[in-house]
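S.K.: Listed below, chain by chain, are the residues.
Protein chains: 2
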Amino acid sequence: MRLAELSRRSGVSTATIKFYLREGLLPPGHRISSTQADYDEEHLRRLQLVRALIQVGGVSVAGARAVLTAVDDASLDQLSRMGTAVAALPQALPAPAEDDAEAPAAERVAVELQRRLGWRVVPENPAHQALVSALSALLRLGYPCDGEALLPYGELAGRLAEHELALVEQFEAPTTQLEAAVALTVLYEPVLLSLRRLAQAEQASRRLRGDAGAGDGGEAGGAED
Amino acid sequence: MRLAELSRRSGVSTATIKFYLREGLLPPGHRISSTQADYDEEHLRRLQLVRALIQVGGVSVAGARAVLTAVDDASLDQLSRMGTAVAALPQALPAPAEDDAEAPAAERVAVELQRRLGWRVVPENPAHQALVSALSALLRLGYPCDGEALLPYGELAGRLAEHELALVEQFEAPTTQLEAAVALTVLYEPVLLSLRRLAQAEQASRRLRGDAGAGDGGEAGGAED
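If you read the protein sequences in the order shown, they are chains A and B.
Per the UniProt record's numbering, residue 1 is the first one in the first sequence, and the count goes up by one each step.
Per the UniProt record's numbering, residue 1 is the first one in the second sequence, and the count goes up by one each step.
Worth flagging that the hints you see were computed from the coordinates, not collected in a lab.
Computed from a predicted structure; not experimentally measured.
This list has only true hints and no planted wrong ones.
Covered stretches of chain B, going by a simulated chain A footprint (3 or more residues, C-beta under 8 angstroms):
#	segment
1	51-62
2	114-120
3	138-144
4	147-154
5	157-165
6	172-185
Output of the computed footprint for chain B on chain A, the stretches with three or more beta carbons under 8 angstroms from beta carbons of chain B:
#	segment
7	132-142
8	158-165
9	188-202
Where is the CB? At the ideal position from N, CA and C, for every residue including glycine.
Construct all of the structure, not just a fragment, from the sequences and the given hints.
M.R.: Here is the structure:
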């Protein structure tokens, strides 16, 4: 397809597509004349991923380039490419500051939690560092930060990850799976956070009204008492 | 306690405490002379909440003031105060833009999802609007956005909300419960997001290695196949 059709099908303006091409976020089209290039389904898919990263994930152009470089790095195996690509996404919190007095205790809680969940501990994963920062804030501010408080988050995250890997495996080709893994990590994050807020409102409303089985169905059962 | 002790116990500098006092984020101390004031445990707790909002939640000073105004609004019942305070926190995404062509379809998916979960639909909740924005992005970019993909997120959010309300109910006084509800909404968000990334890495590593029961224990079972 020509640039105009790529723009129409993706909903991204031709000016933005040209910008992504210049920035190396989109591979060049196949030259068909000195002024025209042809784009295929791969370009469309890549364009959708770039939009997900930048518009929903708030990823910078440089950050998106780092993610895509990992996705395309044929020198790595599939697992390393996925790990590197996802690790290049922005984290919920930066790593703990050098002078964070609670960081060593938070690190111990983070390691113990992951061991209880049966997960390998990978301290260099930026998500591990973000977890330590989050736990450090809980400790510093005196909010619950023990196994009883934290384990349900880990268990539910584990179940979610199984579901999410199954979603990713619906995509067949290895590179498409990698692109989907990155896109779904970014795109389902606001789904999860907004559903958490809505579930809290629903639960608070039920409890404060002394109303245990409200709602008009609850067939899924997830929010029932 | 005096300002210096409040600073020592909270880890917040006296300059920052004075700034919060001027901005109305902290109620004035009890005057004991023309130059000195006395602060109590309530001030310490409130100071911790303000730190959670601003430092971890990335809430602006004006945003924090809106949250605290709702927490302190004695004209509202407990449920309304909690709802208003949590609704004043930043959302994962802004409401859909006026010209968002996918918003009506995303709205239908959001309503249907909450109905299946047995939740009351409250379209004016900012989290409902954030959910619609997130679903609109999934639809626009062609990623899975049906009940099969979304229901597990809602079910897990429902279970998390039950756990979180139980954590909040450990705090006894009504105002302390409200403060805890706000603080825990903000502070556990990065815990959840970083655990989700770690769980994804663990699951991807197990699946791609064809290694179903890895880890050194897995007593909690949440991440097992």
